[in-house]
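Model the full structure from these sequences, guided by the hints.
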Amino acid sequence: MNLAATHGFLSPTGVEIAFLLVGLVTLGAAVVTVTTPQLVHAALWLVVALGGLAVEYLLLTAEFIAWVQVLIYVGSVVVLLLFGLMLTRAPIGRSPDADSGNRWAALAVAVAAAAALVWVVVDAFRTTWIDLAGAAAGSTEATGASLFQNWVLPFEALSVLLLAALVGAIVLSRKATTDPVPPPLNSRGVGGGSRPVPDPSNECTGPAEQDGTVPDDGSGPTREPRSDAPPGRGKGALPDDGTGSTPDLNGSVPGVRSGTAPGGGEKPARQEGGTR
Amino acid sequence: MNDALDVALRLLIVFVVFLTFPLLVGQTEHKVMAHMQGRLGPMYAGGFHGWAQLVADGVKFAQKEDIVPAGADRRVFQLAPAVALLPYLLVVLVIPVGPGEGAVGQVVDAGVFFVLAVMGVGVLGSLMAGWASANKFSLLGGLRTAAQLLAYELPMLLTAASVAMAAGTVSLPGILDAFEWWWLPWQIVGAVVFFVAGLAELQRPPFDMPVADSEIIFGAYTEYTGLRFALFLLAEYAGIVVLCGLTTVLFLGGWHGPFGADGLGWVWTLLKTAVLAFVVIWLRVTYPRLREDQLQKLSWTLLVPLSLAQIALTGIVKVVIS
Amino acid sequence: MAESHRPARSRVPGSGLAKGLAVTLRTMTRRTVTEQYPDVQPDLPPRSRGVIGLFEENCTVCMLCARECPDWCIYIDSHKETVPAAAPGGRERSRNVLDRFAIDFSLCMYCGICIEVCPFDALFWSPEFEYAETDIRELTHERDKLREWMWTVPAPPGLDPAAEEPKEIAAARKTAEKLAAAQERTGEGDA
Chain A
1 MNLAATHGFL SPTGVEIAFL LVGLVTLGAA VVTVTTPQLV HAALWLVVAL GGLAVEYLLL
61 TAEFIAWVQV LIYVGSVVVL LLFGLMLTRA PIGRSPDADS GNRWAALAVA VAAAAALVWV
121 VVDAFRTTWI DLAGAAAGST EATGASLFQN WVLPFEALSV LLLAALVGAI VLSRKATTDP
181 VPPPLNSRGV GGGSRPVPDP SNECTGPAEQ DGTVPDDGSG PTREPRSDAP PGRGKGALPD
241 DGTGSTPDLN GSVPGVRSGT APGGGEKPAR QEGGTR
Chain X
1 MNDALDVALR LLIVFVVFLT FPLLVGQTEH KVMAHMQGRL GPMYAGGFHG WAQLVADGVK
61 FAQKEDIVPA GADRRVFQLA PAVALLPYLL VVLVIPVGPG EGAVGQVVDA GVFFVLAVMG
121 VGVLGSLMAG WASANKFSLL GGLRTAAQLL AYELPMLLTA ASVAMAAGTV SLPGILDAFE
181 WWWLPWQIVG AVVFFVAGLA ELQRPPFDMP VADSEIIFGA YTEYTGLRFA LFLLAEYAGI
241 VVLCGLTTVL FLGGWHGPFG ADGLGWVWTL LKTAVLAFVV IWLRVTYPRL REDQLQKLSW
301 TLLVPLSLAQ IALTGIVKVV IS
Chain F
1 MAESHRPARS RVPGSGLAKG LAVTLRTMTR RTVTEQYPDV QPDLPPRSRG VIGLFEENCT
61 VCMLCARECP DWCIYIDSHK ETVPAAAPGG RERSRNVLDR FAIDFSLCMY CGICIEVCPF
121 DALFWSPEFE YAETDIRELT HERDKLREWM WTVPAPPGLD PAAEEPKEIA AARKTAEKLA
181 AAQERTGEGD A
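Chains as they are written, first to last, in full-length UniProt numbering: chain A, 1 to 276; chain X, 1 to 322; chain F, 1 to 191.
These are computed hints drawn from the structure, not numbers from a lab.
The C-beta atom is built at its ideal place from N, Cα and C for all residues, glycine as well.
Hints are supplied without guarantee of correctness; some may be wrong.
Unchecked claim - Computed beta-carbon distance windows for the label pairs:
1. K64/X / E130/F: 24 to 34 Å
2. L161/A / V317/X: 22 to 32 Å
3. R89/A / V267/X: 51 to 61 Å
4. K136/X / L80/A: 15 to 25 Å
5. A132/F / L184/X: 55 to 65 Å
6. A142/A / W266/X: 26 to 36 Å
7. L313/X / P37/A: 45 to 55 Å
8. V317/X / G144/A: 16 to 26 Å
9. V317/X / A145/A: 21 to 31 Å
10. V279/X / D131/A: 44 to 54 Å
11. N58/F / Q63/X: 52 to 62 Å
12. L153/A / V279/X: 42 to 52 Å
13. R89/A / Q63/X: 34 to 44 Å
14. V279/X / L147/A: 31 to 41 Å
As the list claims (entries may be wrong) - Derived lysine to any residue pairs resembling SDA-like cross-links, with alpha carbons at most 25 Å apart:
15. K31/X / Y37/F
16. K60/X / R39/X
17. K60/X / A8/X
18. K297/X / P13/F
19. K31/X / P42/F
20. K31/X / E35/F
21. K175/A / T20/X
22. K174/F / E184/F
23. K318/X / L147/A
So this is what it looks like as structure tokens:
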């Protein structure tokens with residue numbers, strides 16, 4: 001690291017020009033990320049911004065940081081983001097509700113945050129220059145050495161923080177064991193040999209329902225025939241509507257029973273049979 | 001000038017390898033899969049045992065109309081195949097095939113991280129394709145791709161870290177320089193986990209739930225035709241080459257061999273890679289597709305603990321022997 | 001992943017996976033079963049039902065085949081001719097002459113009933129199967145084509161080793177035995 005005196009702003013090297021250009025691209029991508037009305041486009045522009053940042057790290061010889069940036073942010077965080085977007089809603093085209101109403105406040109906060117960060121960085125590294133020509137200052141070895149010699153405490157603190165987050169996630173995702181969830185009614189294969197659950201909307205459930213659940217004398221709960229019953233059955237099987245106790249000819253249909261309902265206010269199929 | 005020529009030559013070689021090796025793997029898959037199923041596979045294209053089948057396929061793909069669905073997001077849809085394919089090209093660049101500087105496209109200091117990071121980017125292509133196709137099957141495929149990537153990236157990283165710990169470096173040639181034969185039994189669990197996780201990340205059978213053709217047509221690639229579809233396929237096979245090469249370099253000792261390590265190192269690398277590619281095909285033919293929940297369970301309850309155990313073992317041995 | 005369904009005999013975890021790999025590897029080393037059809041003609045089993053050949057010398061235009069055909073895919077036209085009396089003073093006889101015999105193979109379902117019912121052995125199965133056409137109407141084949149196929153009919157395959165002897169041979173043998181017995185008896189009577 002040299003002093004600023006040996007460097008000037010007027011004769012930039014190729015690396016510096018590239019740094020500036022990539023920085024502009026990154027900034028542009030970041031601006032598009034927060035302004036585009038298309039949600040998934042925003043996520044993809046975020047990829048560009050984060051990738052641009054990785055290139056900046058590379059140009060500053062911090063190779064390790066650059067690849068970790070790509071690995072963590074592009075490879076995992078953005079994928080997680082896209083996953084979440086696709087899982088909830090990710091319409092193709094504009095999402096009108098993506099615009100926030102208080103954009104000016106947001107802009108103010110953003111500018112303030114950026115100003116604070118820039119001020120901190122400028123104040124910290126005011127006249128420090130990286131010698132790009134010499135040994136790489138940000139190589140994996142150098143990064144590792146400084147991380148585990150000078151910055152061990154923050155590193156460990158961070159790992160404890162992450163551990164806490166992990167434990168929290170596990171606690172949140174665990175179901176309460178005291179409240180067992182009853183199995184869903186229609187689930188197949190629950191209780192292998194049990195009878196099928198009688199389903200009132202199903203008119204042909206077979207003998208299992210016929211022999212037990214509906215008494216044959218007509219005093220049982222009256223069930224209406226389905227409106228989409230074939231009209232032919234209404235004509236043929238129910239010639240004597242209103243007499244009550246006559247079992248209809250189609251024995252496997254216990255639901256079609258004319259017990260208490262006169263022909264008047266019935267479904268069309270029944271009506272037809274009754275008026276004959 | 002000489003430097004420029006050298007760089008150009010290396011790039012050219014890498015590019016040629018990138019274009020031919022996936023085709024070799026693809027053709028091998030055609031034939032091996034056929035014979036494992038009691039068939040012959042392609043027999044006509046090119047005359048001798050259908051060696052030019054994939055060339056013919058390529059010609060067919062090039063002739064097809066390039067269709068973008070009306071409801072699709074045009075830009076993203078068209079960009080996705082490139083995003084899926086290019087990362088693998090970059091990875092091929094850094095895989096060392098032999099000892100010394102001459103046998104690698106470009107030495108990268110943090111090679112392991114570079115490789116894993118760039119391979120993760122490749123999956124982004126599938127996500128883009130899945131979302132931009134405006135097709136529910138594509139979206140389902142994209143979702144499954146993302147879920148699978150999230151599940152399998154972790155064990156892959158952890159096992160790669162285990163090797164890096166053993167070698168004391170994250171540079172791929174550095175790892176190979178430090179390799180000893182007894183690393184093989186030492187890191188065998190890590191090798192298996194890495195390979196399986198890599199397979200899952202490539203969405204190869206039996207981990208091909210994201211493209212499960214019998215239920216979601218072809219996942220994220222459902223709407224693609226012609227050259228763009230061919231690029232996706234090429235990406236899959238390039239991914240196989242990269243994964244096998246990487247497993248060879250990280251766990252199987254790359255150019256190290258029982259003999260002839262000096263002149264014939266690259267032969268060892270290619271041989272090991274080819275054997276691993278055969279295993280990839282073999283697994284595809286043998287096993288049925290894992291269900292989505294089985295996929296997740298395999299990763300989180302088996303591979304992640306195994307890789308953590310491998311790291312612990314590596315650490316203990318490393319401390320003991322140093 | 002379903003531990004409860006794992007059969008009890010696989011003690012070593014993963015042995016089932018290894019077994020699967022072994023199966024595919026073994027299959028790879030074996031000969032394939034693929035028939036390379038256009039290059040190599042298939043080895044068809046005897047009595048293959050490829051196409052129906054007509055031996056029209058045997059046909060008497062009895063129309064049984066056309067009537068029994070479930071698809072009505074056999075077309076027969078004929079006329080009667082009178083044959084002059086063979087002996088002087090005899091009666092003139094009429095004879096059926098076949099004008100058209102066609103089978104529509106787009107309708108034929110290869111049931112073989114026509115061949116079964118033909119009382120004069122005029123229809124035969126031929127193993128010839130390469131007669132696809134680009135137009136469905138060209139699948140109606142006339143008598144000359146059916147006659148050509150007649151020459152591709154193979155000789156009937158021999159009997160299986162333990163098969164029952166053919167009925168006609170059995171009948172002939174029975175008659176011969178009876179005759180012999182009768183002769184013997186008459187010989188005894190003479191003596």
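Right, here's what the structure says about each hint:
Restraint check, K64/X to E130/F: a C-beta distance of roughly 32 Å satisfies the suggested window 24 to 34 Å. The hint said 22 to 32 Å for the Cβ distance between L161/A and V317/X, and at roughly 30 Å that hint holds. Checking the proposed 51 to 61 Å range against R89/A and V267/X shows it holds: the Cβ atoms sit about 53 Å from each other. Between K136/X and L80/A the CB atoms are about 22 Å apart, so this pair conforms to the stated range of 15 to 25 Å.
Range check, A132/F to L184/X: about 59 Å between beta-carbon atoms, so the 55 to 65 Å window is met. Between A142/A and W266/X the C-beta distance comes to about 32 Å, which sits within the given range of 26 to 36 Å. The beta-carbon spacing between L313/X and P37/A, approximately 51 Å, falls within the hinted interval of 45 to 55 Å. For the pair V317/X and G144/A, the beta carbons lie near 20 Å from each other, so the given range of 16 to 26 Å is met.
The given range of 21 to 31 Å is respected by V317/X and A145/A, whose C-beta atoms sit roughly 23 Å from each other. Taking 44 to 54 Å as the suggested C-beta distance range, the pair V279/X and D131/A conforms, at roughly 47 Å. Hint check: N58/F to Q63/X, Cβ distance near 56 Å, so the stated range 52 to 62 Å holds. As the Cβ distance of L153/A to V279/X is approximately 45 Å, the hint placing it in 42 to 52 Å holds.
A C-beta distance of roughly 38 Å is found between R89/A and Q63/X, which places it inside the suggested range of 34 to 44 Å. For the pair V279/X and L147/A, the beta carbons lie near 38 Å from each other, so the given range of 31 to 41 Å is met. For the suggested pair K31/X and Y37/F, the alpha carbons sit about 19 Å apart, so the restraint of at most 25 Å is met. Restraint check for K60/X and R39/X: the C-alpha separation of about 23 Å stays at or below 25 Å, so the hint holds.
Pair hint K60/X plus A8/X does not hold up; C-alpha atoms about 31 Å apart against a cutoff of 25 Å. Between K297/X and P13/F the CA atoms are separated by roughly 17 Å; this keeps the pair inside 25 Å, and the hint holds. A threshold of 25 Å between alpha carbons decides the hint, and for K31/X with P42/F the separation of about 23 Å falls inside it, so the pair holds. Taking the CA atoms of K31/X and E35/F, the gap is near 16 Å; set against the 25 Å cutoff, the hint holds.
Our distance criterion of 25 Å between C-alpha atoms is broken by K175/A and T20/X, whose separation comes to about 51 Å. A threshold of 25 Å between alpha carbons decides the hint, and for K174/F with E184/F the separation of about 15 Å falls inside it, so the pair holds. In summary, the hint linking K318/X to L147/A is supported, as the alpha carbons are separated by about 20 Å, within the 25 Å threshold.
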